[in-house]
Amino acid sequence: MQVSLNWLKDYLAKTDAILDPKVLADKLTMRGISVGRIARCGTSGLESVVVGRIERIDKHPNADRLQVTQVVTEPNGTPRQIVCGAKNIATGDIVPVALPGTILPGNFEIKLSTIRGVESGGMICSGKELGISDDTEGILQLPKHSQLGQSLSRLLGQQSDDTLLEFELTPNRGDCLSIMGIAREVAPLIGTQLRELKAQKFKSTPHRTSSIISVEVPDPALCPRYVARVIDSFKVLEAPDWIQARLKSVGQRCVNNIVDITNFVMLEYGAPLHAFDLRRIQSGSVRVAECTTPQGFTLLNGQIVQLEPGDILIQDGDRPIALAGIMGGLNTQVEADTTTILLEAATFNPERIRRTAKRLGLLTESSRRYEKGVDPNTVLMASERAAVLIRDAYAANVYHPPIDTLETGATERNIAVDMREVRRIMGMPNFTSDMAADTLSGLGIDSQKKSINIIQVKIPVFRTDLKESIDVIEEIARLFGFEKIPAARPMTSACFDRMNETPYTFPQRAKTALVGLGFSECIHYSFTTDANLEHFARRSSGTIRLKNPISDQFSTMRTSLLPSLIQTYAYNKNRKAPNQRLFEVASRYEASSQSDTQAKETMMAAGLLGGTLTDNSWSSKGETVNFYHIKGAVESFLRTLTNAKPSFVPAASHPAFHPNRSADIFIGALEIGTVGELHPHALEILEAPSTVAAFELNLDALQKFERSRVQYVSPSKFPGSEFDIAVLVDKTASAFDLTETIRAHSSSLVTGISVFDVFEGDKVPEGKKSIAFRLTFSSPERTLQEAEVSGLVKRVIDGLAQKHSATLRS
Amino acid sequence: MIDNIQRIQKEVGSELAKVSDLDSLEKLRVHYLGKKGIITSLMASLRDLDPERRREMGASLNSLKTDFEAQLDSRKRDMARVQLDKELTQSPKLDVTLPGQFPIATGSFHPITLVMEEMVEAMERIGYQVASGPEIENEFFNFEALNTPSDHPARDMQDTFYIDKGILLRSHTSPVQIRTMKDRQPPLQIISVGRVYRSDYDMTHTPMFHQMEGLFVEQSVSLADLKATLQYLVKQLFGNQPLRFRPSFFPFTEPSAEVDMRCILCKGAPKECRMCGSSGWLEIGGCGMVHPNVFRSVNYDPDRVTGFAFGMGIERISMLKYGIDDLRSFFENDYRMLEQF
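Chains as they are written, first to last, in our numbering: chain A, 1 to 810; chain B, 1 to 341.
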């Protein structure tokens, strides 16, 4: 919505009110009527743009698209040379010339310059460059008789200094999509009142509109009010200059008197109007009805749209003649020889208009207003205003009375507002009902004190947004000024009643633990491609797809965090960072019929090691990452975060991981994730070269093992002892199984079992490996006897021999 | 004999002072304490004395001996230290400017996490608690309960990602507030943070971003409380920056306001400010008093309680805090960005 200050002044009582644009814009913005941009319009500042005549045009020697002109800019003066790029110039043209030193709109300064080797002493301007029209077609052509050298500000004197305010309105304030609406808001800010236009008086004419045409509105919910008026005996000409000037000042294109006047009144009142050429209405009846069968329809701009059931149509009998509230049809548009029109002023169901306009991508000046709500009373005023403008300027004949489907109009509603509630919401215990009444009266909203605490507020019909008490309270607070409400520190006991914050804190702790292990956090989109997931997710339980994704890249909710992480690794490797430790903590999504959202979200932590564990340095070469590195990271992570003892079993086939170099991780019987080197095939798909090891853990499952309570055991006061055992076992025997056997054959006196050496090859028989354990013995009560220890060692060795055919290495 | 002991004591003192290396020190020790040393001999001669004298002389002699031994030891340690220092000084010098070799790399938090945590901690300090909820939501929690009826523009397919009829990706973290209010009774002081989704992708929009929202419900919470709370939060994040509350419109709050912070670059005195577009103010969030219809939808009685709510984009705050100029860089995870945090 754009409003020129001069136009605005037409509707303010104090016309000499000085409106400093910046100050006014700030005040409006702080009252919720947001001004997004202030621009100069009109011809002030065009003093050094003068009338010139083109004497000669030559081709530019160095540029095909440019021409070199000689332009005289004073009577009998010598021509000045100006380089020009426009096509629509000819010798003898009278044109605007910006002399060096001129500052054109957009802070563009004209200087003496050399353009591709040719000197240029100014600029021949288009209307757009001068900020006086939207026409970008080419150089502005001035009247032939204009006096050379005269400044444009004098030549175009009628459009003197003006400023354009561009508003960014909130969707509830449809009433402000009009000069009048803005004027209402401005009035209290500059201490004046609105100057309402006088109600129009019409004499009844011998022919009433209803004697020529009838209007049918079967469903008033679609169209609460329809005012139809016939106007005849006029010619389609240019609109009066003052109307054209106003329209141009807000960047509207002028077409002809009927179009321009209906546009003018729409901008003035915010009520869209439409004129049908009455000749083209064949049935003698205008019907407002819902579209019943899909069909094509040609709009007045030539565009063919597909109508669908639910669209509101204006019909001539059964033939659509307008897409209600959005745009008229080509079949009934006003033409050069039109002499009689049917002027439509109506209100339509806002949701329907919005739905249709959105579907067809037709956001017109009209639909923008209708979808925010146009009130029924303004509609009648707009119809009258347009009729008078046409009548007065062209001696046209206005049929009276019009057809009106809501002759009573709409009446004002009353809303009772409790001052205690006003005070409670604003936080101002001393805010009186008089203050509230004063505040509202600035906008012309009357109120009456009903009792000590209750005021009754009379809501103007055009304020369709004020529906209940809280809407009025907002209005009071807004007009009073949020800046005048003092800040106050709240008091509450809410914090004593704690809720479970673990769903937030546990993932945060996981992030901290991973950062501590040297991983860098990434954040990726929650959606990815189908293909990515196919290659990386083990479970086949339903993936969730978006119905309206932005692109295939973002079409499916992630069931694993690994693909994004690997892609980021590849991205960074291509940017010369081959060695990385990355992680992400985020949700995985799976379909679930159990939930009210049809989805199960599980908080996951995924980590990745790529390249070498550390960078090659001056002292050592980095080790290529492997299973044991990433497993070590997982173990440290779990130890930091939980009390649980994880076990690692060879991974059941997982498409993302190397079959023999990966493990599933369990706590007891609960699977909590997978760790390992990635499958070369997976890396190839994601174009991630070199070795990558990764893990993905279910944080929600881990949450119940959170390290929170520790039961302390005091260290033994008696010295312990150690004993090393090295055995030969089958190559396939796992360290875990061997350890379990040792544990089973020892007693509580064995307080530690660790693997300290593993080797194969030389000196070890084929198919066997040597594995060495260190056993720690200690008792909290006494120093152990050598015999006790050796007895236990023997039991362990026997156990290993029995269970794993282990032989002792000497 | 007592004279003899006193003389020896003096003599030992001056001798020790003269000694300058370990060899001479050893010689000195042998001279006095060796098998035929002076003190050893005197000790031996004690047995010729009568018992009373023997005890007396014995004590003196013993103290002479221990004294001497202690001094010997001390001189020995001093000399060894001097000797060691001399050797170390002559040993090869390290290049202390070579890079260190600790095997654990430095990890880093994503800037969004950093800001999120900063905001959460600030709010927790004044009593707020973190509530959580799903990202895949249904229309009731995301829209209807938030006074956004089905014909509201915000519900168009263009803005919200849909999964199925009535199921969508939450377009703000507000549904968490609805879920929490449905579960609990007032008073309530909660914040919700996390991923939110809107169907928009250009220079200034990504289809996923992060929000933090706060909700405070009590017997009579007011705009005045809201102002103080946001002033507090902004002060924690950016220091003492003036705020302004610009009336605005959101379906779920009334009155509603946009929160602007004085531009941190031009300090509100813009000539040509690239940060605030020369307006002097930076938009940092939206806020307002909870709409009575929202309370009704969770069975709170709007006559009994009032509440305020506010929301901020974490990317926006993060961009302002760290001077990040491209929204999309948050999700590229370029290591050259990550390693700066």
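One or more hints might be untrue.
[Stated by the list, open to error] No farther apart than 20 Å at their CA atoms in a straight line, the calculated lysine-lysine pairs in the PhoX-like style are these:
hint: 1; chain 1: A; residue 1: Lys9; chain 2: A; residue 2: Lys128
hint: 2; chain 1: A; residue 1: Lys9; chain 2: A; residue 2: Lys198
hint: 3; chain 1: B; residue 1: Lys65; chain 2: B; residue 2: Lys36
hint: 4; chain 1: A; residue 1: Lys9; chain 2: A; residue 2: Lys248
hint: 5; chain 1: B; residue 1: Lys27; chain 2: B; residue 2: Lys76
hint: 6; chain 1: B; residue 1: Lys65; chain 2: B; residue 2: Lys27
hint: 7; chain 1: B; residue 1: Lys76; chain 2: B; residue 2: Lys18
hint: 8; chain 1: B; residue 1: Lys165; chain 2: A; residue 2: Lys547
hint: 9; chain 1: B; residue 1: Lys86; chain 2: B; residue 2: Lys76
hint: 10; chain 1: B; residue 1: Lys271; chain 2: A; residue 2: Lys22
hint: 11; chain 1: B; residue 1: Lys93; chain 2: A; residue 2: Lys600
hint: 12; chain 1: B; residue 1: Lys267; chain 2: A; residue 2: Lys22
[As the list claims (entries may be wrong)] Over 10 Å on every C-beta distance to chain A, these chain B residues come out as not near it, computed from the model:
hint: 13; residue: Ile38
hint: 14; residue: Arg47
hint: 15; residue: Ser199
hint: 16; residue: Ala224
hint: 17; residue: Gln236
[Claimed, not checked] Quick look at which bits of chain A chain B covers, simulated, 3 or more residues with Cβ under 8 Å:
hint: 18; segment: 162-172
hint: 19; segment: 586-599
Hints are computed from structural coordinates only; laboratory data are not their basis. Quick caveat: nothing in here was measured; it's all calculated off a predicted structure. Beta carbons are placed, not taken as given, at the ideal position from N, Cα and C, and that holds for glycine.
Tested hints:
Proximity of Lys9/A to Lys128/A is assessed by CA-CA distance (about 25 Å); at most 20 Å being required, the pair is judged violated. A hinted pair counts as satisfied when its Cα atoms are at most 20 Å apart, and Lys9/A with Lys198/A qualifies at roughly 16 Å. Straight-line distance between C-alpha atoms of Lys65/B and Lys36/B comes to about 14 Å, which keeps the hinted pair within the 20 Å bound. Between the alpha carbons of Lys9/A and Lys248/A the distance comes to roughly 16 Å, so the proposed pair stays at or under 20 Å and holds.
Restraint check for Lys27/B and Lys76/B: satisfied, since their Cα atoms lie roughly 13 Å apart, inside the 20 Å limit. A C-alpha spacing of about 16 Å is found between Lys65/B and Lys27/B, which places the hinted pair at or below 20 Å, so the restraint holds. For the hint linking Lys76/B to Lys18/B, the alpha-carbon distance of about 13 Å falls within 20 Å, and the restraint holds. Straight-line distance between C-alpha atoms of Lys165/B and Lys547/A comes to about 9 Å, which keeps the hinted pair within the 20 Å bound.
Proximity of Lys86/B to Lys76/B is assessed by CA-CA distance (about 15 Å); at most 20 Å being required, the pair is judged to hold. As the CA atoms of Lys271/B and Lys22/A are separated by approximately 14 Å, the hinted pair is consistent with the 20 Å bound. Among the hinted pairs, Lys93/B with Lys600/A is inconsistent with the structure: their alpha-carbon atoms are about 62 Å apart, more than 20 Å. Taking the CA atoms of Lys267/B and Lys22/A, the gap is near 18 Å; set against the 20 Å cutoff, the hint holds.
No Cβ of chain A approaches the Cβ of Ile38/B within 10 Å, the least distance being about 47 Å, so the stated non-interface status holds. At roughly 46 Å, the least C-beta separation between Arg47/B and chain A is larger than 10 Å, which holds for a residue marked as non-interface. Its beta-carbon lying about 6 Å from the closest one in chain A, Ser199/B breaks the requirement of being farther than 10 Å from that chain. Remark: the non-interface label on Ala224/B conflicts with the geometry, its nearest Cβ contact in chain A lying 3 Å away (cut-off 10 Å).
Remark: the non-interface label on Gln236/B is consistent with the geometry, its nearest Cβ contact in chain A lying 14 Å away (cut-off 10 Å). Using a Cβ-Cβ cut-off of 8 Å, 3 residues of the segment 162-172 of chain A lie near chain B, which meets the minimum of three, so the contact claim holds. Using a Cβ-Cβ cut-off of 8 Å, 8 residues of the segment 586-599 of chain A lie near chain B, which meets the minimum of three, so the contact claim holds.
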